[in-house]
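Undergrad: What follows is the residue order along each chain.
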Amino acid sequence: DAKTTQPTSMDCAEGRAANLPCNHSTISGNEYVYWYRQIHSQGPQYIIHGLKNNETNEMASLIITEDRKSSTLILPHATLRDTAVYYCIVRVSTSYDKVIFGPGTSLSVIP
Amino acid sequence: NAGVTQTPKFQVLKTGQSMTLQCAQDMNHEYMSWYRQDPGMGLRLIHYSVGAGITDQGEVPNGYNVSRSTTEDFPLRLLSAAPSQTSVYFCASSYLIGQGRTEAFFGQGTRLTVV
Chain A
245 DAKTTQPTSM
255 DCAEGRAANL
265 PCNHSTISGN
275 EYVYWYRQIH
285 SQGPQYIIHG
295 LKNNETNEMA
305 SLIITEDRKS
315 STLILPHATL
325 RDTAVYYCIV
335 RVSTSYDKVI
345 FGPGTSLSVI
355 P
Chain B
631 NAGVTQTPKF
641 QVLKTGQSMT
651 LQCAQDMNHE
661 YMSWYRQDPG
671 MGLRLIHYSV
681 GAGITDQGEV
691 PNGYNVSRST
701 TEDFPLRLLS
711 AAPSQTSVYF
721 CASSYLIGQG
731 RTEAFFGQGT
741 RLTVV
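If you read the sequences in order, they're chains A and B. Heads up, the first sequence is in this note's numbering, so the first residue is 245 and it goes up one at a time. Heads up, the second sequence is in this note's numbering, so the first residue is 631 and it goes up one at a time.
Quick caveat, the hints were computed from the structure, so don't treat them as lab data. All C-beta atoms, glycine included, are put in the ideal place defined by N, C-alpha and C. Don't take every hint at face value.
[Said to hold, decoys possible] Quick list of in silico lysine to aspartate or glutamate cross-link-like pairs, EDC-like style, CA-CA up to 20 Å: (1) 639/B / 686/B; (2) 247/A / 689/B; (3) 247/A / 733/B.
[Claimed, not checked] Stretches of chain A that chain B covers, calculated by requiring three or more beta carbons in the stretch to come under 8 Å of a beta carbon on chain B: (4) 252-265; (5) 344-354.
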């Protein structure tokens, strides 16, 4: 699986959009981009995933660049409960074996 | 629907003791895995399984054994506990749907201290 690079930490004001970037320059054509988050030592929680089109669900939006070498997770109106570590993972679409989590981005939503 | 259940939630062991961390899922997922998370760090994969009877090593398998005799259960065994194994352990299960979705569901973790 391709490696991902994320900033170590970010701050965001409550009520504003949080934009979390992820670089995956070695991504291959059959790899999806997944995002998970982990709130205060709880088990990680799935957020969203995508291949090449932008995706949106009730939690977030995922913007993937045209060359697929980077993506951005957008939390449109960040709340204090969104304070968490966010993990960007690149996965092959047809199998599930080793899923490697990087250190992620620690997002702090500030009142 | 309980999802992924880990037991115990907390455990203290003495160096050299052995124990088994239990993980059970009731979603009929084929894939299960174990991670450990040390303070301030991300999750590191210990072992994983792609189906009953099939297991493989992850990033940090030394000192741990797994087996997968049923779809539902994926226990993690510490053979001889060491202080370096003090960590929070997470079990996860997932399944393949169409369009490459492999959403993983995580348990709430087992906090293990080895003294």
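Undergrad: Hint by hint, say whether it matches the structure.
TA: These are the hints, each one checked on the structure:
no. : hint          : result
1   : 639/B / 686/B : violated (25 Å)
2   : 247/A / 689/B : holds (15 Å)
3   : 247/A / 733/B : holds (19 Å)
4   : 252-265       : violated (count 0)
5   : 344-354       : holds (count 5)
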